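So the sequences go chain by chain: A and S.
Position 49, counted from 1, in the first sequence is what my numbering calls 49; the numbers after and before it change by one each time, with no gaps.
Position 113, counted from 1, in the second sequence is what my numbering calls 113; the numbers after and before it change by one each time, with no gaps.
Quick caveat, the hints were computed from the structure, so don't treat them as lab data.
Please read these numbers as outputs of a predicted model, since none were measured by experiment.
Take the hints with a grain of salt, since some may be wrong.
Said to hold, decoys possible - Residues from chain A shown here face chain S by an in silico Cβ test under 8 Å; the list is partial:
1) Q24
2) I27
3) V34
4) S38
5) K65
Cβ atoms here follow ideal geometry from the backbone N, Cα and C, with glycine treated the same way.
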Amino acid sequence: MKEINASSEKFSEIVRRLDEIAFQTNILALNAAVEAASAPEALMGFAMVADEARNLAHRSAQAAKDTAALIEESITKSNEGIRKLQLMAGSIQEVTSGAAQVKVLVDEVEVGSREQSRGIEPIATAVTQVEPVTRRGAASAEESAAASEELAAQARALNDSAESVRKLVDGNSGGATRENGTRRSPGPLTPASSHSADLSALAHSLQKAGRAKAVAPAAVVGRSHAGNAFPVDDNESYFQKVLL
Amino acid sequence: MSTTMTVNDAAAAQSDARAGKYLTFQLSNEEFGIRVLKVREIMGLQEITAVPQTPAHIKGVINLRGKVVPVIDLRLKFGLAAAEYTQRTCIIVTQVQGDSGAVLMGIVVDGVSEVLNLAASEIEDTPDFGEEYSGGYLLGMAKVKGKVKLLLDIERVLSTQDMHNLNSMLR
């Protein structure tokens with residue numbers, strides 16, 4: 001910018017010199033005209049020359065004036081340029097200060113994240129500590145699942161055996177009762193007969209309760225077919241009684 | 001009608017003597033003219049040696065190629081406000097009739113314009129300004145391009161009194 005100013009000053013200097021030269025030429029021409037005015041007719045050509053010189057001086061003066069105007073304009077424009085540059089410099093400074101603020105904020109963010117990571121570390125440790133416990137829990141859950149399965153299997157087996165027992169009771173009451181009777185009371189010598197006696201007693205009681213009279217004696221007479229004579233419900237309750 | 005014609009003719013005849021070439025110059029926004037034949041030389045402003053005990057309008061003397069020439073400031077002589085001398089300021093060296101032959105005398109003007117060839121029809125007599133008008137140093141008025149230029153009788157402007165003073169001073 002200083003250079004621009006300096007060069008425009010130089011321009012003004014040149015223009016000033018041009019102007020001066022034009023002025024001197026003008027004076028010269030006027031002197032020639034004065035000289036020519038007092039000259040005899042024979043030297044009239046000289047007056048013409050003086051006139052031409054004067055015209056030239058005028059033209060150079062005009063040119064100097066135009067140049068001066070142009071330079072003035074360019075100086076004004078360069079001044080405008082300087083002003084805009086200054087504005088720009090101001091804006092850049094604002095941008096710089098803004099960037100500095102951003103940097104401060106980013107630094108704060110960085111400190112915050114560092115603190116965050118420091119805080120996360122114990123959490124990570126805690127999680128790693130929790131992990132084996134969870135694993136153990138999972139293991140025991142598996143164990144308990146296995147045990148439950150085992151239990152389920154045993155229950156099924158029990159159910160099966162119960163079923164088979166029921167079948168035994170249903171299909172072959174004699175064999176079953178004998179077996180049962182043997183287990184329950186090893187004492188009596190004729191378990192089958194005693195059991196039959198029980199059965200007959202039961203049938204008798206049922207008969208008493210108001211069951212069909214025709215069925216009851218048949219049940220009593222055909223011991224082996226007694227189960228068929230009774231309804232399933234009664235049979236079961238009987239079975240339960242026997243088991244208990 | 002015929003009377004006016006006669007008057008005009010008379011004026012034309014009178015102004016014929018005034019027709020000719022004039023050097024015009026500026027002085028305080030006005031244009032003046034002096035006969036080119038009275039002009040010896042035009043020069044840019046140069047160093048003027050002040051002479052003590054002289055009126056304010058006598059600026060001093062210059063050395064014109066080995067000749068000492070007195071210089072008067074026409075602004076001050078005409079009672080106009082003094083002005084700073086600029087690049088345009090010129091000294092017109094005139095040749096006037098003195099007591100003992102022709103004398104050279106410089107006048108400081110704001111700037112010289114051109115040499116004009118004025119026809120008799122372009123020159124009018126100076127109007128009557130009234131009795132208190134003291135200056136008889138006007139040859140007439142020149143009408144050029146809608147403007148009026150005052151034509152000076154430089155012999156009367158540079159009065160004998162001034163020249164006496166200067167001549168005695170320079171002697």
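Which numbered hints does this structure break?
As far as the earlier hints go, only 5 is violated by this structure.
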